[in-house]
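Peer 1: Chain residues, written in single-letter form:
Protein chains: 2
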Amino acid sequence: MTIINKQYRLAARPHGIPKDSDWAFTTEALPEIGTGEVLVRNHYCSLDPAMRGWMNEGRSYIPPVKIGDVMRAGTVGEVMASNSPEFRAGDFALGTLGIQQYGKAAAKDLTKVDPSLAPIEHFLGGLGMPGLTAYFGLTDVGAVKSGDTVLVSGAAGAVGSIVGQIAKIKGARAVGIAGGADKCAYVTEELGFEACVDYKSDRFLDDLKAALQGGIDVYFDNVGGEILDIALARIRRHARIVICGAISQYNNTTPMRGPQNYINLLVHHARMEGFVVFDYLSRYGEGTEKLAAWYSEGKLTFRNHIEDGIENFPGALLKLFSGENNGKLLLKVIETPT
Amino acid sequence: MTIINKQYRLAARPHGIPKDSDWAFTTEALPEIGTGEVLVRNHYCSLDPAMRGWMNEGRSYIPPVKIGDVMRAGTVGEVMASNSPEFRAGDFALGTLGIQQYGKAAAKDLTKVDPSLAPIEHFLGGLGMPGLTAYFGLTDVGAVKSGDTVLVSGAAGAVGSIVGQIAKIKGARAVGIAGGADKCAYVTEELGFEACVDYKSDRFLDDLKAALQGGIDVYFDNVGGEILDIALARIRRHARIVICGAISQYNNTTPMRGPQNYINLLVHHARMEGFVVFDYLSRYGEGTEKLAAWYSEGKLTFRNHIEDGIENFPGALLKLFSGENNGKLLLKVIETPT
Numbered sequence: 001m002t003i004i005n006k007q008y009r010l011a012a013r014p015h016g017i018p019k020d021s022d023w024a025f026t027t028e029a030l031p032e033i034g035t036g037e038v039l040v041r042n043h044y045c046s047l048d049p050a051m052r053g054w055m056n057e058g059r060s061y062i063p064p065v066k067i068g069d070v071m072r073a074g075t076v077g078e079v080m081a082s083n084s085p086e087f088r089a090g091d092f093a094l095g096t097l098g099i100q101q102y103g104k105a106a107a108k109d110l111t112k113v114d115p116s117l118a119p120i121e122h123f124l125g126g127l128g129m130p131g132l133t134a135y136f137g138l139t140d141v142g143a144v145k146s147g148d149t150v151l152v153s154g155a156a157g158a159v160g161s162i163v164g165q166i167a168k169i170k171g172a173r174a175v176g177i178a179g180g181a182d183k184c185a186y187v188t189e190e191l192g193f194e195a196c197v198d199y200k201s202d203r204f205l206d207d208l209k210a211a212l213q214g215g216i217d218v219y220f221d222n223v224g225g226e227i228l229d230i231a232l233a234r235i236r237r238h239a240r241i242v243i244c245g246a247i248s249q250y251n252n253t254t255p256m257r258g259p260q261n262y263i264n265l266l267v268h269h270a271r272m273e274g275f276v277v278f279d280y281l282s283r284y285g286e287g288t289e290k291l292a293a294w295y296s297e298g299k300l301t302f303r304n305h306i307e308d309g310i311e312n313f314p315g316a317l318l319k320l321f322s323g324e325n326n327g328k329l330l331l332k333v334i335e336t337p338t
Numbered sequence: 001m002t003i004i005n006k007q008y009r010l011a012a013r014p015h016g017i018p019k020d021s022d023w024a025f026t027t028e029a030l031p032e033i034g035t036g037e038v039l040v041r042n043h044y045c046s047l048d049p050a051m052r053g054w055m056n057e058g059r060s061y062i063p064p065v066k067i068g069d070v071m072r073a074g075t076v077g078e079v080m081a082s083n084s085p086e087f088r089a090g091d092f093a094l095g096t097l098g099i100q101q102y103g104k105a106a107a108k109d110l111t112k113v114d115p116s117l118a119p120i121e122h123f124l125g126g127l128g129m130p131g132l133t134a135y136f137g138l139t140d141v142g143a144v145k146s147g148d149t150v151l152v153s154g155a156a157g158a159v160g161s162i163v164g165q166i167a168k169i170k171g172a173r174a175v176g177i178a179g180g181a182d183k184c185a186y187v188t189e190e191l192g193f194e195a196c197v198d199y200k201s202d203r204f205l206d207d208l209k210a211a212l213q214g215g216i217d218v219y220f221d222n223v224g225g226e227i228l229d230i231a232l233a234r235i236r237r238h239a240r241i242v243i244c245g246a247i248s249q250y251n252n253t254t255p256m257r258g259p260q261n262y263i264n265l266l267v268h269h270a271r272m273e274g275f276v277v278f279d280y281l282s283r284y285g286e287g288t289e290k291l292a293a294w295y296s297e298g299k300l301t302f303r304n305h306i307e308d309g310i311e312n313f314p315g316a317l318l319k320l321f322s323g324e325n326n327g328k329l330l331l332k333v334i335e336t337p338t
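Keeping their order, the protein sequence lines are chains Y and S.
The first sequence: position 204 = 204 (the numbering used here), numbered continuously.
The second sequence: position 162 = 162 (the numbering used here), numbered continuously.
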């Protein structure tokens with residue numbers, strides 16, 4: 001029996017929202033592994049807003065995905081074969097093997113995960129990059145402290161949901177912004193934020209004002225655009241604006257919208273600082289330990305939104321931009337025998 | 001002989017560039033002084049970009065000037081009479097007495113200046129607010145360090161000219177942006193910046209790229225608008241963008257232009273932080289001491305642009321926005337007997 005590896009490759013650089021024709025679905029035989037390499041059968045691929053940026057040409061914090069390459073994505077799966085003493089068949093490994101069912105990597109580019117600690121998909125979510133992004137963004141860039149009012153956009157999303165929970169652990173008030181009553185209910189009832197405001201509501205501005213109870217000490221921005229400006233209009237003295245993403249702008253075919261209210265940084269002696277999680281590579285151990293401890297103590301809860309089947313990748317990715325996902329978006333690529 | 005006090009009062013809130021009809025020229029008798037108060041004959045009024053903001057309605061870091069009030073401005077002059085033990089006639093005093101020839105204030109709201117240290121007008125410039133703005137903005141907000149490349153806009157202006165000189169004192173490379181060849185020559189030849197780029201030139205972008213020799217560690221922004229975006233496009237990792245002003249935007253009748261390239265803060269883990277000099281009130285002593293020491297050692301040079309005659313106030317103020325001033329803009333309001 002020949003095992004076939006199904007893959008999605010980048011066929012063209014998208015203009016605006018990625019179209020089906022921007023992707024090529026390919027199949028090939030399993031790769032051979034060389035010395036020090038490991039073959040992994042992916043169970044889940046991570047679908048993240050940052051992937052949209054990796055599809056564009058030009059300089060950023062990492063090189064763009066090349067046309068014809070398997071689309072870059074975080075993955076978790078089971079080791080099938082290993083030429084490294086660090087892994088053996090049956091281990092579970094986190095990596096960046098891309099949108100495909102099987103992949104290989106040097107052992108140094110994989111991280112072993114312990115499936116007894118949490119379901120393995122959590123290592124792509126709350127115990128993985130999104131969790132680390134929330135942790136370092138809020139505690140280091142945002143310098144959150146007890147008594148702060150923390151506003152976070154994309155509050156029902158992979159990163160935002162954890163930002164608010166960590167804010168509460170740190171003694172701050174967590175106010176979320178999310179799209180729709182269902183997401184807002186999840187944010188307050190299940191995640192325990194003090195408030196969540198629906199940006200699709202006609203009452204958004206009034207509701208936000210009421211929820212903030214006076215102003216913002218930390219705004220954790222996942223969305224950019226108009227909401228960033230609205231937040232800048234409500235900052236307190238010495239506020240910190242954490243620029244984590246700008247999902248409202250990633251598919252723009254017109255120039256990025258700049259925050260007109262940036263001059264409030266001057267008025268309130270506030271700062272706006274950006275980061276990507278890779279900046280904290282040397283501190284991943286610390287972050288993962290904190291997240292795992294809070295998770296095991298029941299202080300952090302994670303929700304994954306799992307789409308099933310590698311064939312559904314192009315449509316699944318778009319849910320990030322339409323806001324249809326509820327929680328961390330994952331693509332299940334392992335096929336169970338029928 | 002009755003002494004007449006000539007004044008400029010705010011008559012209307014300007015829409016865009018202030019017009020003559022936004023001002024009322026008034027005369028009145030000298031004010032009486034009460035207990036603890038001091039009467040000052042102003043020699044110079046300071047004309048600063050921030051004054052444009054004080055003319056607008058709405059919340060900012062200080063309340064707006066009320067319609068009908070004497071226009072707020074920094075002043076330096078000679079004490080004529082004092083009901084406070086802290087001042088006597090003949091002392092020189094720095095204050096915020098506004099655009100008028102005489103004014104009174106509580107002694108606690110005045111600062112004595114020593115005319116043997118420097119010409120008194122320097123206490124409105126390099127040894128005053130503009131100097132302190134440059135000092136705290138560059139050293140505290142910008143956290144300048146040896147080896148940095150510091151870019152400053154408005155490099156021939158009151159604040160920018162000092163920013164670059166302090167950058168050099170701190171061991172950084174100073175690159176200025178100014179309007180026109182004359183100003184650029186002044187910045188490099190008299191102030192000693194390593195380079196100065198003319199934003200009015202067709203070659204501006206190429207010249208800037210060459211002058212920066214690789215990128216920006218600190219951008220000290222006095223102008224906002226397009227130049228802020230151009231700077232954001234050239235920041236290095238961990239760059240600091242100091243938001244000191246946005247003179248290109250102060251007379252806008254359309255919304256403020258936001259910096260589209262703010263997302264580069266994320267890519268380069270950089271920060272943008274605003275301030276006003278009043279934030280550092282408790283450290284003015286430290287700042288003034290440093291500036292005076294550097295001035296006496298010949299490490300700082302100041303240039304004032306003096307307009308003569310209080311009647312010329314409305315037109316003189318506009319030179320800030322047209323860029324016609326060469327150095328710190330001052331209005332001489334003392335009249336010499338004819």
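If you are wondering where the hints come from, they were derived from the structure by calculation, not from laboratory data.
Each hint should be verified, as a subset may be incorrect.
As the list claims (entries may be wrong) - Here are the simulated distance ranges between beta carbons:
#, chain 1, residue 1, chain 2, residue 2, range
1, Y, K112, S, L281, 51 to 57 Å
2, S, D140, Y, S322, 40 to 46 Å
3, S, D182, Y, S146, 50 to 56 Å
4, S, N312, Y, S146, 53 to 59 Å
5, Y, A233, S, T27, 39 to 45 Å
Please read these numbers as outputs of a predicted model, since none were measured by experiment.
Just so it is clear, CB atoms sit at the ideal spot from N, CA and C, and this is done for glycine as well.
Peer 1: Run the structure past the numbered hints and jot down the numbers of the failing ones, going up.
Peer 2: none
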